[in-house]
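> Below are the chains, spelled out letter by letter.
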Amino acid sequence: MVLNYSQPLEISNLTSWLDSTLRGNLSEFWALLIEFVLVAVVLLTAYAVIALILIYAERKITAFFQARYGPNRVGKWGLLQSVADMVKILLKEIVRINRSDRFLFFAAPFFMIIASMLTFGAIAFGKGLHAIDFNIGVLYVTAVSSLGIIGVLLAGWSSNNKYSMIGAMRSGAQFVSYELSAGFALMTIVVLAGTMQFSTMIEGQRYCWNIFNGHISSIIAFVIYLISGHAETNRGPFDLPEAESELTAGYHTEYSGLQFGFYYLAEYLNMFIIASIATTVFLGGYMPIQVHGWDGFNQIMAYIPTYVWFFGKTAVLIFLSLWVRWSFPRLRIDQLLNLEWKYLLPINLVNLLLMVILVLTGFTLTGLFPGLF
Amino acid sequence: MAQQIIFFVLAAIIAIFSILAVTAKQIIRSATYLLFVLLATAGLYLLLGYNYLFAVQIAVYAGGVMVLFIFAILLTNRPGENVKTELPVRRVAAGLTALAGLAFCGHIIYWNIKRVGDLVAQSDITPQQLGHSMLGTDKYQYLLPFETISILLLACIVGAIMIARKR
Amino acid sequence: MSSVSQYFSGLFTGIKSLMLGMSVTWKELWTKKVTQQYPENRGTLVISDRFRAELTMPHDENNEHACTACGICQMNCPNGTITVNSKMIETEDGKKKKILDTYQWDLGMCTFCNLCVLTCPSDAIKFENTFENAVFTRSKLMQQLNHEGSKLREKKKEPLIPKGE
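Protein chains in written order, with numbering that gives the first Met the number 0: chain Y, 0 to 372; chain D, 0 to 166; chain B, 0 to 164.
The set of hints was computed from the structure by calculation and includes no laboratory data. Built from N, CA and C at the ideal position, the CB exists for glycine as well. Be aware that one or more of the hints could be misleading.
[What the hints assert, rightly or not] Straight-line distance between alpha carbons at most 25 angstroms, and here's what the computed BS3-like set of lysine-lysine pairs gives:
#: 1; chain 1: B; residue 1: 150; chain 2: B; residue 2: 125
#: 2; chain 1: B; residue 1: 139; chain 2: B; residue 2: 125
#: 3; chain 1: Y; residue 1: 59; chain 2: B; residue 2: 139
#: 4; chain 1: Y; residue 1: 59; chain 2: Y; residue 2: 75
#: 5; chain 1: D; residue 1: 138; chain 2: Y; residue 2: 161
#: 6; chain 1: B; residue 1: 96; chain 2: B; residue 2: 86
#: 7; chain 1: B; residue 1: 86; chain 2: B; residue 2: 97
#: 8; chain 1: B; residue 1: 150; chain 2: B; residue 2: 97
#: 9; chain 1: B; residue 1: 32; chain 2: Y; residue 2: 59
#: 10; chain 1: B; residue 1: 31; chain 2: Y; residue 2: 341
#: 11; chain 1: B; residue 1: 26; chain 2: Y; residue 2: 59
#: 12; chain 1: Y; residue 1: 341; chain 2: D; residue 2: 24
#: 13; chain 1: B; residue 1: 96; chain 2: B; residue 2: 150
#: 14; chain 1: B; residue 1: 97; chain 2: B; residue 2: 125
#: 15; chain 1: Y; residue 1: 87; chain 2: Y; residue 2: 75
#: 16; chain 1: Y; residue 1: 87; chain 2: Y; residue 2: 59
#: 17; chain 1: B; residue 1: 31; chain 2: Y; residue 2: 75
#: 18; chain 1: B; residue 1: 86; chain 2: B; residue 2: 26
#: 19; chain 1: B; residue 1: 150; chain 2: B; residue 2: 94
#: 20; chain 1: B; residue 1: 150; chain 2: B; residue 2: 86
#: 21; chain 1: B; residue 1: 95; chain 2: B; residue 2: 150
#: 22; chain 1: B; residue 1: 95; chain 2: Y; residue 2: 75
#: 23; chain 1: B; residue 1: 15; chain 2: B; residue 2: 26
#: 24; chain 1: D; residue 1: 24; chain 2: D; residue 2: 83
[What the hints assert, rightly or not] Facing chain Y, according to a computed beta carbon distance under 10 angstroms, are these residues of chain B, among others:
#: 25; residue: 21
#: 26; residue: 33
#: 27; residue: 109
[What the hints assert, rightly or not] Some chain B residues well away from chain Y (every beta-carbon gap over 12 angstroms; in silico):
#: 28; residue: 6
#: 29; residue: 9
#: 30; residue: 10
#: 31; residue: 16
#: 32; residue: 18
#: 33; residue: 27
#: 34; residue: 28
#: 35; residue: 41
#: 36; residue: 47
#: 37; residue: 85
#: 38; residue: 96
#: 39; residue: 113
#: 40; residue: 147
Using the sequences and the hints, build the whole thing.
This is the structure we're talking about:
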């Protein structure tokens, strides 16, 4: 009701205008074709641009955590540093490895990047900025993101290098384990929201985000999702697949140039994807902060475009991920598997049961205070 | 029109990579080609509008089974070596088995193809419907098979632990 | 302690210590940055006096140094960095005397071990902290330390380098 108030800054105004003009002047086939191509181009561009911004932000924040300045020579405050890095990586030679499996070696980075792009397409960036909205959105995301690990395993094997191989095996074990926890954490919220579709899930969180709605259970699920998402992206304290001191660079040791760039890009984008899925599922996605009954406040909040809300919440989670990354030392492989199988998974199962009980007995916030939320 | 084109592309991918998966000399390549087949099958489900089946196909087959396949292949002895061509007797036996399988599947498809029109009356099944029919006890609901399968899986897990324990 | 309580106490102490670690890094995020931005801060740059960057031979206002060309520094140098060229001259009262002709030091070979300075009996050389030693050709690394037309300082004067430095 409140969100229908005119929002001049919303991009969906532009997209709906474009849609109506295309449909007015062309047949439906051509209009759809042009729209598909446009959406694809915009998504690919956003993919690259977000990765560049993330790389810059990561380097800056990392530097601040270590009492340094970070990149500050290329452009004002080093803003062009990641652009310069991108140009460098595009110009680098792609090295062919002796006695490697050519076909698999060149195919592996594509698995990684395609998996991350397919997941990227399912993110709701704002109201009306949603490329794929299946009724099984959550399941789709977990399914598609699991393809990336095949790229890692194939890369490790086809490089004909034992370090790559060990890195790939570690990454595989880690990914398969933590995928389970991430899935269970998302499932907990699916129980709460009663839907797997991202758009209805976001609409349902208008007045009460899922993280507050399910209180104890939601917060546990949120923390578990962040931990396992962090582990899935091979970052932070969970970066043993790329442990420099033992494995040089893990599964992408033998890659150079653009192929390495694919892995690099996919790693950063996976961080963004994990953060944005967490935003969508737990923190109300692109919904502004709305309080029941405070109409003036709600209108002011709704005046801020939805994509700003989305990127703001995502940025907070990305910062959290960086904070964790630079706080903790790297785990050993047995500690890593202990954490997953002895702590996260049992807690997760109990938590799922707890959430079912909360929902059935009506002990959620919306169930307890129906007028307020 | 567009659906037809996509269908033919997917069908071609399935056919070509199925043959490649069988004829490939390296077992890891074979697994990769099989992965493409499974992905293209998922694409077919998506084309038909079965979103749930599409996601399950990718999560279970591409993301789960294939990862385990590749893992298992990587752990075997020399996965990169070319497989030797088998003895003629074995080849004949393998060919006969394949033909028998083809005949069996062909028979089922042939006798059911007329009934497909009746079966796909329902467009897309929502996850809610699916969950209710999985865990319901009424007619056309499948709680008993579901639980049987979970007991089977439990037995598998216990067996795996027994094998993995070195005592 | 039973294994169950061990499990839970381990879990909660783990969470507590993780939070503690994150609070430490949060404080670290706001500390003053310690990076020295070198070319910009040349004016305010502080280099330790004891930093050994360049071997020098101090000359006083009369263009006199303290080197007697004894060659001990040359003998003590592990890398053969120093070459002391001496010449014999005849003094006014007819004595023959060995004085310094050129004192060559090769910056490119030096490991800045300080043995030459430590063993010099007349404290004629010292290391300075002028660290900007980059040059474009290797020949420029060969330096002559004694100035043109300089001569040995007479005794009884105060040493140019105070003792104990």
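> Okay, which hints does this one fail, numbers in order?
3, 5, 10, 12, 18, 22, 27, 28, 29, 30, 31, 32, 33 and 34
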